[in-house]
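Per UniProt numbering, the sequence shown starts with residue 1, numbered consecutively.
Hints are supplied without guarantee of correctness; some may be wrong.
Mimicking DSS-like on lysine-lysine, the simulated pairs with C-alpha atoms at most 27 Å apart in a straight line are [as the list claims (entries may be wrong)]:
#1 LYS224 with LYS190
#2 LYS359 with LYS321
#3 LYS224 with LYS321
FYI, nobody ran anything at the bench for these hints, they're computed from the structure.
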Amino acid sequence: MENATVASGIPPLPDYTLHPLPPLVSGIPDKYLTLALPVIAYWAVSMFFHVIDTYDFFPQYRLHTPVELTQRNHVSRWDVFRDVILQHIIQTVFGVGLAWFDPDPTYGQEDHDVAVWGQRIRLAERAIPTILSAFGLNAVALAKNMADSYPMLSGVLAGGRYSELTQTIVSNGETLIAPAFASWEISLAKLIYWVGIPALQFLFGVLVVDTWQYFWHRAMHLNKWLYTTFHSRHHRLYVPYAYGALYNHPFEGFLLDTLGTGIAYLLSGMTIRQSMWFFTGSTIKTVDDHCGYSFPWDPLQIITSNNASYHDIHHQSWGIKSNFSQPFFTFWDRYLGTMWTGGDTTAKYGRARKAAERKAETEVLKPQFLPPILQESSNTETSENEAGKPLRRSPRKKAHSTSQQTANLKGLRDRVNGSLQGKSPNVLGVESSH
């Protein structure tokens with residue numbers, strides 16, 4: 001093989017020896033760390049948003065008010081937590097099974113693989129004289145004129161022939177003088193190998209996940225049986241929040257999320273360590289899309305138009321047949337005509353907010369969903385009402401008590417609204433570019 005490459009003017013490939021790759025974290029094999037990181041990231045990011053939500057740190061960036069959270073969702077936080085834990089158990093078990101078929105990671109072949117790309121670059125240079133001749137240029141003459149002043153450029157124009165670049169190799173006990181790579185060829189080969197190929201693999205994986213989830217997600221809405229049996233569970237959250245991102249029917253969670261990302265990983269040819277970034281990044285993006293906030297400084301909401309504001313429209317009754325794309329880009333919605341086209345949504349969000357406030361006037365609020373200061377007010381008012389309640393009441397007294405309770409709840413509603421003063425109306429809409 002070396003003799004053939006020497007004769008062709010192509011630098012030969014170096015020998016290599018494979019060694020077991022030490023784990024990224026001592027004592028934890030990479031394949032198991034890959035399973036743990038998305039779960040850790042899910043709850044870490046979710047708890048970050050949960051703290052913001054609980055203490056109402058950024059009311060001006062909320063997509064929904066705390067009262068909407070209590071009145072519009074049809075599932076408790078505990079039920080959401082339980083189902084998400086089940087989803088994580090399923091994806092972990094599936095990942096452990098998949099890991100059995102992955103070969104143990106090794107290292108030592110990197111220089112060889114970089115040299116493979118170096119050979120491909122050298123072979124591509126062979127076409128340069130032919131391309132230049134098509135434009136009436138004599139590549140050989142140009143190479144000779146530049147040989148002294150620009151030797152590297154001269155070699156490129158000559159079709160990748162660098163007569164001064166040689167190396168000594170030993171092949172079958174025989175010492176040979178072989179061509180060597182130019183420094184720029186090795187630099188370009190390393191850039192392709194270490195940056196270009198992983199970036200393309202990641203982009204391909206993203207496209208696979210977006211395509212897989214779009215068509216299954218859309219099918220879940222178009223097919224009545226699929227929707228009522230599986231997907232309707234996720235839409236019990238009209239007001240999404242971060243750790244409800246993976247609140248799904250177990251089968252749907254496995255089909256859309258676990259299986260979809262697993263297929264993307266296998267088809268893209270990622271290494272185990274690349275998959276750590278891919279799986280963890282996909283998880284964080286999904287959580288961010290359900291966080292309930294439109295932060296102007298959130299990089300995940302800036303990079304793509306598929307963000308919390310975009311996906312929140314899909315969770316509303318008037319937008320449920322649009323914005324199916326998730327979790328990265330919106331090109332399938334755009335190309336297939338399922339992107340929201342109803343214009344500005346500020347008025348629709350405003351009506352939903354007012355409806356939730358009216359409902360709160362006649363129904364008992366669930367204080368566990370409110371910020372702590374409002375929880376205390378709610379509990380105090382409820383205790384006062386219960387403490388002052390007689391064993392028997394006349395109809396007139398009952399009417400007076402109902403009126404008093406309504407007044408108390410109105411006061412609580414006013415304090416909730418007061419905590420949200422300064423909210424920008426644009427937060428509730430979407431940009432026309434979405």
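Here is how each hint holds up against the structure:
1. LYS224 with LYS190: Answer violated: LYS224 to LYS190 is near 52 Å, above 27 Å.
2. LYS359 with LYS321: holds (26 Å)
3. LYS224 with LYS321: holds (13 Å)
Of the numbered hints stated above, the single one contradicted by the structure is hint 1.
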